[in-house]
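Here are the chains, one letter per residue:
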Amino acid sequence: MDDEAHILAALRRALRREGYRILTAASPSEALALLETEAVDAILSDHKMPGMSGLELLAAAARRRPAAARLLITGWPDAIPGERLAALGIRALIPKPWDDAELKRALRDALAR
Amino acid sequence: MRPVRIVVAEPGRAQRRLPTVGALQRLGGGVRIEIVNDARACLELASGADLVIVDRELGDQGREILSGLRGVGPPAVVVTREATADAALDTFRAGAADCVTASADFDEVLPAVALEQIRAFRAASARRAVRERIESLERLHAAIVDHFPAAVAVLDADDRLVAVNPGFARAFPAAGEPFEGRPLEDVLPADLLASGGLAELVARARARGGDPPRIARTQAGGAARAFDARAERLDAQGRTVLVLAEVTERERLKQLQQQVLQTEKMASIGQLAAGVAHEINNPMGFIHANLAQMGEYLGDVHRLHLAGCALAERAAAEGTPALRGAGERLLGLARELDADRVFADFAQAIRESQEGSERIRHIVQDLRAFSHRDDGQLVCADLNRCLDSTAHIVWTMMKHSVVLRKEYAPLPPLPCHPLQLEQVFMNLLVNAYQAIEERVRRDGGSGEIVLRTAAAADGVLVSVSDDGGGISVEPVERIFEPFFTTKEVGVGMGLGLATCFDIVRRHGGALRARNRAGGGATFEVFLPLAGPPDAEPGA
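Protein sequences, first through last, are from chains A and P.
All residue numbers for the first sequence refer to my numbering, where the first residue is 35 and numbers rise by one.
All residue numbers for the second sequence refer to my numbering, where the first residue is 4 and numbers rise by one.
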């Protein structure tokens, strides 16, 4: 999930050949709605979004789909205190601009656990 | 000589026996004679007169006049008909300056005596006036010097103190009294003398009359003090006066205000940089990712193309006529489009764009690091990285005329405020660059900046050397003075050297500058391993 359409497209492109079924959402509310109906294995979210921050979204997601792996992708990695990541059980923090190889590896590792 | 005024006090015509006025008229036209008959009239006119003649015939009135004039007014000469010694003694005791008795040559004696008395009186008056003026000036002078808030010292031709004012003793109590005859080095703190180059300042004043004022600093007595120092030549004997005025609270306040302004400027520039970095970050995210993806796709398409060409070749060689034609058309198209070149170039273009996007990524990272809000906490930082990231930011400005050489030694982590130190490095780098630019404009060629780091036993040394025009100010330390005029740092992201000096000092370190033997300058920053002496949050 990311509020910028081009980023969603680029993420989708990067993960296309990994064999995942990819769902995208352009806003936190869209994402939460999706989580109601779809059983996802991993959630990759942007942090700075209007309305709700990525951390808040992932916290809400944890309640709906506790089994799903949670990953945060953000342009401001230093703004996020490590304790909050741990408390929310976020498996990986990926900085923007991201490296495709790093993204794929992080997702694979998160799903393996 | 201005007109002479004589007051004659004599009895009325009835009792008059002496030809006083007639005799006085022999003094000539420049004499004004006023005749009175009693004491009161005489004393009234006496204050404006040069001489008073009293006829003894006036008796008590005459005595009154004499006592009235005693010590105050013009001299009094008594004229009398009694040529006795007693009479003369009496007149002198009464206060007369002289006594002329009636005689055959009365007409000659009286004017002569009168003239003599008048001249003596006027000379004495003039002398008294001058003395009073001198005394008044001396009092004024003493009042000024005594109350002057600055330290004033007069030095002789050998730089020994001739005199000092109370302000001097107050400012330098450790010197001890007396001051006279002692050399300047004996009396002033050594660091004050050195930092202001005071011996040289005095020498220049003696030779040329005066020199621009300087700032001298001292730590003597516990607190750091700064003085505005001036010297002027006093006289032809080689004496000079040295004035040391302490930089007052107002100056300190002005300096602090300047620093706050600079900090605010830096903060708003920081915010701008942070905002720009953020805006650039997002598009860079997908540009970067898409380029990678495009490279992959291109690989796929190339494989497809190669397979197609292979098929076309088989068809052209072994197929039916229709297939042969189609195959040859495909191969012909590939040749016409120079397909190999297209694919190679396509891949190259993608690679170069990726390089560009990498560079942007680094610049954004450096900008973010630079603008990161300082929360006042001490951080252990690797100064090589701080220096490097700062160099990277300014590199885009410098790369055309300057070669940047890095000689980094491994450095231990140092407790510091990295943001502040990066601002110092930024300033030094920009200064070095500008010095080279100026020299290159004059003499052509190119320049080199060398960044060196080294670990010492008790700290870390970072130096920025350039081969620009060097520092032409003497002593060189003056460039760190708060109000010393230097060119504006062009980029606008640097701080004044005074603020840099301050930042380094607050880290417990030292900032020094010196000219290099072959031309150019080196700025050295020393930072102690122990970190700042007392951690000032948000300082």
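Careful, some of the hints might be misleading.
Just a few of them, taken from the derived set where beta-carbon distance is under 10 Å, the chain P residues facing chain A [as the list claims (entries may be wrong)]:
(1) A295
(2) S356
(3) G359
(4) S360
To be clear, the hints were calculated from the coordinates, so they are not data collected in a lab.
Values in this document were obtained by computation on a predicted structure and should not be read as measured data.
Each residue gets a CB set at the ideal place from its N, CA and C atoms; glycine is no exception.
Now for the hints, and whether the structure bears them out:
no., hint, in the structure
1, A295, "holds (5 Å)"
2, S356, "violated (13 Å)"
3, G359, "violated (12 Å)"
4, S360, "holds (7 Å)"
Going through the hint list in order, the structure does not satisfy hints 2 and 3.
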